[in-house]
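K.L.:
Sequence:
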Amino acid sequence: MDQDYKKLLRNFHQARWDEPIIFEMSTPGERGVLVPAASAEVQEAIGDEAAIIPESLRRKAKPALPEVGQMRVNRHYMRLSQQTLGNDVSVDIGQGTCTMKYSPKVQEHLVRSNPDIADIHPLQDESTMQGLLQIYHETEKYMKEISGMDAFSFQPGGGAHAIYANALIVRNYFKDKGEDRDEIVTTIFSHPADAGAPATCGFKVVDLMQDNELGYPTLEAFKEALSEKTAAVFITNPEDTGIFNPRIAEYVQAAHDVGALAVYDQANVNGIMGITRAKEAGFDLIHYNLHKTFSSPHGGMGPGVGALGATKELEPYLPVPQVKFDGEKYYLDCGLEKTVGKVRAFFGNAAILVRVYMWIRSLGPEGIREAALCSVLNNQYTVKKVSAIPGVTMYYADGIRRIEQCRYSWEQLKEDTGLGTEDVTRRLVDYGMEHYWQSHHPHIVPEPFTLEPTESYSKKDLDEFIAVLQQISWEAYNDPDIIRTAPHNAPVHGIKNYYETDPEKIMCSWRQYLKKTAK
Numbered sequence: 004m005d006q007d008y009k010k011l012l013r014n015f016h017q018a019r020w021d022e023p024i025i026f027e028m029s030t031p032g033e034r035g036v037l038v039p040a041a042s043a044e045v046q047e048a049i050g051d052e053a054a055i056i057p058e059s060l061r062r063k064a065k066p067a068l069p070e071v072g073q074m075r076v077n078r079h080y081m082r083l084s085q086q087t088l089g090n091d092v093s094v095d096i097g098q099g100t101c102t103m104k105y106s107p108k109v110q111e112h113l114v115r116s117n118p119d120i121a122d123i124h125p126l127q128d129e130s131t132m133q134g135l136l137q138i139y140h141e142t143e144k145y146m147k148e149i150s151g152m153d154a155f156s157f158q159p160g161g162g163a164h165a166i167y168a169n170a171l172i173v174r175n176y177f178k179d180k181g182e183d184r185d186e187i188v189t190t191i192f193s194h195p196a197d198a199g200a201p202a203t204c205g206f207k208v209v210d211l212m213q214d215n216e217l218g219y220p221t222l223e224a225f226k227e228a229l230s231e232k233t234a235a236v237f238i239t240n241p242e243d244t245g246i247f248n249p250r251i252a253e254y255v256q257a258a259h260d261v262g263a264l265a266v267y268d269q270a271n272v273n274g275i276m277g278i279t280r281a282k283e284a285g286f287d288l289i290h291y292n293l294h295k296t297f298s299s300p301h302g303g304m305g306p307g308v309g310a311l312g313a314t315k316e317l318e319p320y321l322p323v324p325q326v327k328f329d330g331e332k333y334y335l336d337c338g339l340e341k342t343v344g345k346v347r348a349f350f351g352n353a354a355i356l357v358r359v360y361m362w363i364r365s366l367g368p369e370g371i372r373e374a375a376l377c378s379v380l381n382n383q384y385t386v387k388k389v390s391a392i393p394g395v396t397m398y399y400a401d402g403i404r405r406i407e408q409c410r411y412s413w414e415q416l417k418e419d420t421g422l423g424t425e426d427v428t429r430r431l432v433d434y435g436m437e438h439y440w441q442s443h444h445p446h447i448v449p450e451p452f453t454l455e456p457t458e459s460y461s462k463k464d465l466d467e468f469i470a471v472l473q474q475i476s477w478e479a480y481n482d483p484d485i486i487r488t489a490p491h492n493a494p495v496h497g498i499k500n501y502y503e504t505d506p507e508k509i510m511c512s513w514r515q516y517l518k519k520t521a522k
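Okay, so the sequence shown: first residue is 4 according to our numbering, each after it adds one.
Keep in mind that the hints were calculated from the coordinates and are not lab data. Check before you lean on any hint, since a few could be wrong.
[Claimed, not checked] Ranges of calculated distance between the beta carbons of each label pair, as one might list FRET restraints: (1) M212 x V261: 53 to 59 Å; (2) K327 x S461: 38 to 44 Å; (3) T131 x G181: 43 to 49 Å; (4) K327 x A391: 50 to 56 Å; (5) K207 x D329: 40 to 46 Å.
Since we're looking at a predicted model, the values are computed, not measured. Each residue gets a CB set at the ideal place from its N, CA and C atoms; glycine is no exception.
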């Protein structure tokens, strides 16, 4: 193999600090900021503020918050920041279906530092937040144009949450019609929430396997799964393999032919936005992940917005409130006739909407389409280079192009060297790359890894990431021990994932930590 790629490898070593958690740094009496006591006039004005809290809800003792001086707090979090990887310090195409793109810093600056946005309160009077409500209203217009849907709700807190809300709409719609439909149909490489969310709503799930030549179920197999019991089909397209179903309108029509609704999971829309629309394919309900596709950061699996779109017929079922405009002012409307109600507090995640609004306004229709084209171009280049790396294979639909991502396999590497995708992801850290995403469980593609370059990354960025994969492949065949013992240049060595699955070791709170470590 050509060794020129080694010139692209960086000499990386991450900072390592023996840093305790903030609670362990606590010293009684230390303060970062001294808050002045309220004046006598203020105390008299507010009275006994604790009196409005029922006795049963009052704390018996003050919360055991850490007491740490400002300089030590600053030093602590600066050290922790040096021990992390992310979009701002590494090439992050390895997050696969999570669509990790660059979020312009002007958006971040405005949302975080402008008090008109950062300090807004959801219980403010509507007259005091007309600008924010206008952003909601205009963003809905853009979503309607991009998708072809007739109305949107921005209340769901993410993609899976929007799928759940869509399942509620499907359930209520058929309940109102008096039809006993209790099944939904989805496909194995649609997002797992397309099965999980409807199941949570009480539906039975029919999960279709892919056809090896197409990469998705055949139309015949799809029709066989449909019946008078089918309430809806929940489909991701392109699926998580990156393969787009060009006959999707026929699949939707097949669902309509048996009286079912068609729900489009458009979390993987980054390569087709501005090019195809859900309306033309005949879908009844859709969702977008605004915190992915429309350039707002995940924030560590949240906060987010699952923008839920519906046709005119299903608009009355949307979550409330919705933002309306009467010609003079914007207001929150909770009066939808058949609404599924509130699926989240207040009216959703305003900070995400502002970022999304700025991103759409800065790009415009042509810019959104160009972003999709760049995303596809980047993925075609990545597929060509990565699929040529020794040990890498691609499953399904040989010769068919992937759209905006691809699920690869290290199966051949595993057979040849005994090293698989878990080993590769640990070694990636030694080259300054954040881990790559493998796939949802269970792993249908053996030893999987999923790359989605998006439009954010340059050819040089892609070449650097690909060079790291090439180097790891070379090491697996020529110096396997260095991979078995990786990572070497990270603050933590011998990374194990058992904490994620062991109930005895999962600790979601400080109280839980103290309880379990005291055993």
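K.L.:
Against each hint, give a clear statement of whether it holds in the structure.
P.N.:
Hints versus structure:
1. Between M212 and V261 the beta carbon distance is about 20 Å. The supplied range of 53 to 59 Å is therefore violated.
2. Separated by about 43 Å at the C-beta atoms, K327 and S461 satisfy the suggested range of 38 to 44 Å.
3. Between T131 and G181 the CB atoms are about 45 Å apart, so this pair conforms to the stated range of 43 to 49 Å.
4. For the pair K327 and A391, the supplied restraint of 50 to 56 Å holds, since their beta-carbon distance comes to about 54 Å.
5. Between K207 and D329 the Cβ separation comes to about 44 Å, which falls inside the hinted range of 40 to 46 Å.
Checked against the numbered hints above, the structure violates only hint 1.
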